[in-house]
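Residue numbers (UniProt numbering): 1 to 169.
If you're looking for bench data, these hints aren't it; they were derived computationally from the structure. Just so we're clear, the structure is a prediction, and the values are computed from it rather than from any experiment. Backbone N, C-alpha and C define an ideal beta-carbon position, used for all residues, glycine too. Be careful, since some hints might not be right.
Simulated crosslink set (BS3-like; lysine-lysine; CA at most 27 Å straight-line) [to be verified]:
| # | residue 1 | residue 2 |
| --- | --- | --- |
| 1 | Lys167 | Lys79 |
| 2 | Lys62 | Lys102 |
| 3 | Lys155 | Lys122 |
| 4 | Lys122 | Lys79 |
| 5 | Lys114 | Lys167 |
| 6 | Lys154 | Lys114 |
DEER-style ranges, computed between Cβ atoms [what the hints assert, rightly or not]:
| # | residue 1 | residue 2 | range |
| --- | --- | --- | --- |
| 7 | Asp152 | Thr39 | 20 to 28 Å |
| 8 | Pro107 | Arg80 | 20 to 28 Å |
| 9 | Thr39 | Leu169 | 34 to 42 Å |
| 10 | Asn86 | Lys62 | 31 to 39 Å |
| 11 | Lys122 | Gly76 | 16 to 24 Å |
| 12 | Arg111 | Thr39 | 40 to 48 Å |
| 13 | Lys62 | Leu34 | 36 to 44 Å |
| 14 | Lys38 | Pro65 | 21 to 29 Å |
| 15 | Arg111 | Ser37 | 31 to 39 Å |
| 16 | Asp152 | Leu34 | 18 to 26 Å |
| 17 | Pro65 | Gly151 | 23 to 31 Å |
| 18 | Glu136 | Thr39 | 32 to 40 Å |
| 19 | Phe118 | Arg80 | 19 to 27 Å |
| 20 | Asp35 | Ser87 | 38 to 46 Å |
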Amino acid sequence: MKKILFISVLGLLSCNRNTPAHPPLGGVLDQKDLDISKTRMKNLNASERMHIQEWINGQPVKFYPTQLNYWVNTEGFDKRERRPDNSLISYSYDLYDFDQTKIYDQPIERRDAKFGHFDELKAVENALRFIHNGEEVTILVPSSLAYGTYGDEKKIENDIPLIIKLKAL
1 MKKILFISVL
11 GLLSCNRNTP
21 AHPPLGGVLD
31 QKDLDISKTR
41 MKNLNASERM
51 HIQEWINGQP
61 VKFYPTQLNY
71 WVNTEGFDKR
81 ERRPDNSLIS
91 YSYDLYDFDQ
101 TKIYDQPIER
111 RDAKFGHFDE
121 LKAVENALRF
131 IHNGEEVTIL
141 VPSSLAYGTY
151 GDEKKIENDI
161 PLIIKLKAL
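Turn these sequences into a full structure, and let the hints steer you where they fit.
Following this line, the structure appears as structure tokens:
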């Protein structure tokens, strides 16, 4: 038993030594660091897409891929007419992890947001371009289109894919 514990600890320590350090926000990266980061994100995205697809396969509801690399439970969603820049929209959404645990008690809500002038998750902003007033959709978002490498610095950790239940008010 002691041998197994010792080998496990040794393995964890050796893995930790090879983990590249990431500079703080606003830090400067050289080309090698950028290449490492790019490869890491590419591998992470492929892994998350595989896990999301496995999750979809176990659901009674059908999900459809979009051009921006997220899934939605409405067929032909991103083929609809697109809302123009400077148009207003009110919306709310709830965030869930893939265990379907709600992350925040209260939904995130915005009133009269103007396209092209608000800062939102990439997938949410894109989905709002195609959603109809009063419609509710569920989108499955890889971490690169959610809170990415840094998380939201509250309850969402880094590199977490999300389920977002979005409603146009």
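Status of each hint after checking the structure:
1. A C-alpha spacing of about 18 Å is found between lysine 167 and lysine 79, which places the hinted pair at or below 27 Å, so the restraint holds.
2. For the suggested pair lysine 62 and lysine 102, the alpha carbons sit about 21 Å apart, so the restraint of at most 27 Å is met.
3. About 19 Å separates the Cα atoms of lysine 155 and lysine 122, which keeps this hinted pair within 27 Å; it holds.
4. Restraint check: the Cα-Cα separation between lysine 122 and lysine 79 comes to about 17 Å, which is no more than 27 Å; the hinted pair holds.
5. Restraint check for lysine 114 and lysine 167: the C-alpha separation of about 16 Å stays at or below 27 Å, so the hint holds.
6. For the given pair, lysine 154 sits about 26 Å from lysine 114 by alpha-carbon distance, which is consistent with the 27 Å threshold.
7. For aspartate 152 and threonine 39, the hinted distance range of 20 to 28 Å is satisfied, since their beta carbons lie about 25 Å from each other.
8. Range check, proline 107 to arginine 80: about 23 Å between beta-carbon atoms, so the 20 to 28 Å window is met.
9. Separation of threonine 39 from leucine 169 is about 41 Å and conforms to the stated range, judged on CB atoms against 34 to 42 Å.
10. The supplied range of 31 to 39 Å is met by asparagine 86 and lysine 62, whose beta-carbon atoms lie about 34 Å from each other.
11. Between lysine 122 and glycine 76 the Cβ separation comes to about 20 Å, which falls inside the hinted range of 16 to 24 Å.
12. In this structure, arginine 111 and threonine 39 meet the distance hint of 40 to 48 Å, their C-beta atoms being roughly 41 Å apart.
13. Look at lysine 62 against leucine 34: about 38 Å separates their beta carbons, and that is inside 36 to 44 Å.
14. About 22 Å separates the C-beta atoms of lysine 38 and proline 65, a value consistent with the hinted range of 21 to 29 Å.
15. In this structure the supplied range 31 to 39 Å holds for arginine 111 paired with serine 37, their Cβ-Cβ distance being about 37 Å.
16. Separated by about 24 Å at the C-beta atoms, aspartate 152 and leucine 34 satisfy the suggested range of 18 to 26 Å.
17. Between proline 65 and glycine 151 the beta carbons are some 25 Å apart, a value that agrees with the proposed interval 23 to 31 Å.
18. In this structure the hint that glutamate 136 and threonine 39 lie 32 to 40 Å apart at CB holds, the actual value being about 37 Å.
19. Checking the proposed 19 to 27 Å range against phenylalanine 118 and arginine 80 shows it holds: the Cβ atoms sit about 20 Å from each other.
20. Look at aspartate 35 against serine 87: about 40 Å separates their beta carbons, and that is inside 38 to 46 Å.
When each numbered hint is compared with the structure, no violation occurs for any of them.
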